[in-house]
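Novice: Read off the chains here:
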Amino acid sequence: MTAVSVPIEHVLILACVLFAIGLTGVLVRRNVIFLLMSLEIMMNACGLAFIAGGARWAEADGQIMYMLVLSLAAAEVAVGLGLVLQLQRRFDHLDIDAASELAG
Amino acid sequence: MTSMDILAIAPHLTLTVSILIVMLVVGFWRNHRLTMVLTVLGFVATFIALFPALDASPRAVTPLIQLDSFAAFFNAMFLIIAAVTALISHRYLEGRAGQLEEYYILLAIATLGAMTLASAQHFAAFLLGLEIMSISLYTLIAYPEEGHPPLEAALKYLVLSGVGSTTLLLGMGLIYNATGSLAFAEIFQSNVVGQQSDAWFVAGQALLIVGVAFKLSLIPFHMWTPDVYQGAPAPVTGYLATVSKASVFAILLRFAVQTETLNQDVIFTLVAATAVLSMVFGNVLALLQDSVKRILAYSSIAHMGYLLIGLLAVSALDDSAMALETCLVFLAGYLAMTVTAFAVVTQISSATSDRDTEQVADFAGLFWRRPVLAAGMTIALLSLAGIPLTAGFIAKFYLFAAGVEGALWSLIWAMIIGSAIAIYYYLKIVFAMTSRESEHEYPPVSMLGAATTVVLGVTIIFLGTYPTPLIDAVQRIVEGFG
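If you read the sequences in order, they're chains Z and E.
Residues in the first sequence are numbered consecutively from 1, following the working numbering.
Residues in the second sequence are numbered consecutively from 105, following the working numbering.
Treat the hints as calculated values from the structure; they're not laboratory data.
Model, not experiment: these values are computed from the prediction.
Where is the CB? At the ideal position from N, CA and C, for every residue including glycine.
Be careful, since some hints might not be right.
Which bits of chain Z does chain E cover? Going by a derived footprint, with three or more residues having C-beta under 8 angstroms, they are [claimed, not checked]:
| # | stretch |
| --- | --- |
| 1 | 20–33 |
| 2 | 60–67 |
Negatives, chain Z to chain E, calculated, CB over 10 angstroms [said to hold, decoys possible]:
| # | residue |
| --- | --- |
| 3 | 5 |
| 4 | 6 |
| 5 | 10 |
| 6 | 14 |
| 7 | 92 |
| 8 | 93 |
Given only the sequences and the hints, what does the whole structure look like? Please build it.
Specialist: Below you can see the structure in the form of structure tokens.
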């Protein structure tokens with residue numbers, strides 16, 4: 001059986017594209033849930049970069065970092081959803097701009 | 105793990121155990137004062153544990169963390185600030201509806217994260233320390249349930265700090281792909297062995313610097329800072345401006361020294377550009393503000409810009425010891441004066457009101473009604489402005505010397521122009537405090553808070569008039585670092 005190997009650059013480009021998609025989401029979306037989802041995409045892009053590295057160097061380090069990224073994403077979303085609940089309870093909507101009182 | 109390893113890591117272990125103890129006590133018996141006292145005792149015990157740990161250092165415990173006098177210096181400062189924050193928070197939170205005890209647990213956990221960052225020499229420890237601190241901070245910012253600004257500030261911080269963290273992570277991922285290593289020292293080896301031309305490697309380092317710039321709120325990555333500083337409860341803002349900034353800077357310094365990333369022109373230019381922008385625009389934007397917290401936010405942006413001169417000098421100077429000494433002296437001064445300013449804001453505010461006492465107009469007459477606090481604030485502001493005989497003067501003097509030595513002329517000019525602009529808005533607050541008429545209601549004075557302010561004010565003056573002990577200590581630390 002011959003293994004078809006994907007060039008490492010392609011994986012990294014995919015990670016960067018995913019990251020850019022997530023970043024665009026954070027910049028244009030105004031609903032807090034979508035902001036959190038976009039952040040999640042960005043984190044998974046980072047995870048992909050680490051996994052690609054782990055495969056390239058045939059080490060476990062990349063996978064371990066991916067686990068750390070996963071737990072980080074979970075912790076961040078847990079706090080984020082807690083804040084979302086507060087926002088919903090107080091304003092009855094999830095629009096981050098409408099919740100804006102502090103002068104920018 | 106040998107007994108020497110355990111001795112070296114004793115401060116981290118002590119703080120972890122004290123967090124567990126506080127958590128258990130809170131689980132069985134909720135008492136605000138007791139929780140505060142236990143937390144402060146935990147910080148004190150951790151501080152004491154730093155001394156035996158120093159005897160066992162420098163020592164790498166697991167490949168992840170390096171315990172040396174550099175880390176101990178930062179840890180000592182973090183613990184002092186955390187203890188001050190806990191002491192002044194007691195009166196601030198008192199009277200707030202809901203449960204207050206978790207605040208102190210979160211504060212201790214955030215400090216544990218900061219201590220991990222100061223000793224990290226591996227990307228995994230970097231990530232863990234940073235996120236232990238950041239996630240505790242999100243909750244701390246949103247802690248007061250009443251009032252709307254904290255919730256908004258916490259959401260903004262969550263999203264933008266998340267963007268910063270992911271940028272940093274992508275940078276780490278790209279560096280790992282290029283070098284096959286997550287430890288700083290090994291990245292350095294590949295940095296030398298002809299990898300510089302690898303575009304992915306350089307991009308990774310640039311992304312890492314951008315992520316750190318988010319955390320240090322350097323212009324143009326500063327959008328969140330004024331809003332978060334204004335919305336967060338005053339003691340948390342103080343903590344955010346000091347411990348969270350200094351810990352990220354500590355790891356940036358260690359990373360820059362161990363990997364020599366600044367020797368690459370692209371990275372050097374990137375850092376220099378953000379430094380100049382932060383120094384000039386940080387000060388200009390501060391002129392437009394009416395809120396003391398926002399003024400201090402922009403002033404912290406500008407100060408982080410000044411601090412980058414020290415970082416750039418690490419690569420610009422042949423003798424990096426002087427540059428390192430500059431960074432540490434500047435940070436010590438910056439932490440002392442910033443924490444003092446926020447301690448005063450905390451003491452004239454209360455978590456029970458809608459928002460903190462933070463408008464410049466609210467400070468009118470403070471000199472006549474709260475002379476001790478006003479004196480502390482004046483010392484802090486004069487020090488931030490860099491007036492002689494204060495810690496801020498010594499700090500800026502050091503930076504100036506390092507910048508001249510390294511021939512970083514454009515940065516020096518930005519610092520001079522920035523400092524000149526800054527005097528105006530610091531003095532604006534001082535003049536407001538001396539005015540005769542005052543309408544704002546201040547909460548009652550707490551002896552604990554007043555005593556803390558006096559000690560902090562005296563420290564600033566002491567560092568400014570007799571800096572020799574600090575300089576000696578820093579020189580010893582720098583000798584053993586690298």
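Novice: Which hints, by number, does the structure contradict?
Specialist: none
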